[in-house]
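Residues 15 to 141 (our numbering) make up the sequence shown, in order.
Read the hints as simulated data drawn from the structure, not as lab findings.
Keep in mind that the hints are not guaranteed to be accurate.
Claimed, not checked - Here are the simulated distance ranges between beta carbons:
| # | residue 1 | residue 2 | range |
| --- | --- | --- | --- |
| 1 | G136 | G106 | 17 to 23 Å |
| 2 | K56 | H93 | 24 to 30 Å |
| 3 | D38 | A75 | 15 to 21 Å |
Every residue gets a Cβ at the ideal spot worked out from N, C-alpha and C, and that includes glycine.
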Amino acid sequence: MKLRKLAVTLFVVLSAGLVMAETDAHKTFDQLKGMEGNWVGKNANGEPLQVTFRLTAGGSALMSEIHGKGPENMITMFHMDGDRLLMTHYCGAGNQPRMKVATADAKSVSFEFVDGTNISPGDVHAG
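Turn these sequences into a full structure, and let the hints steer you where they fit.
Set out below in structure tokens:
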């Protein structure tokens, strides 16, 4: 009986951890969705640059489009994959790195490399 009680308790604790992780990823995705609209900034050369965030696919994906010149035109897609938030960046350098959230708080989100096409973990990413 004690073993069964321990097993049930362990299951509840582990399940709560999984639910919290899913909730955190969804919370971060909701934060990013809040950026929907047009944003203006400057590129590395100090020239004007416009970025648009737009929800698509029934709200299941957020598209970020950089409106620049030549290779500055890039798209990044953010979406949930189960309990994790992923992004795929379609870079002007011709590669498509895929990343997952490493850390997130109310003001920032950090991503880490998962895999990609036309790119390897040791490759230099220009974008």
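Here's how the hints hold up against the structure:
no.: 1; hint: G136 / G106: 17 to 23 Å; verdict: 20 Å, holds
no.: 2; hint: K56 / H93: 24 to 30 Å; verdict: 28 Å, holds
no.: 3; hint: D38 / A75: 15 to 21 Å; verdict: 19 Å, holds
Going through the hint list in order, the structure satisfies each hint without exception.
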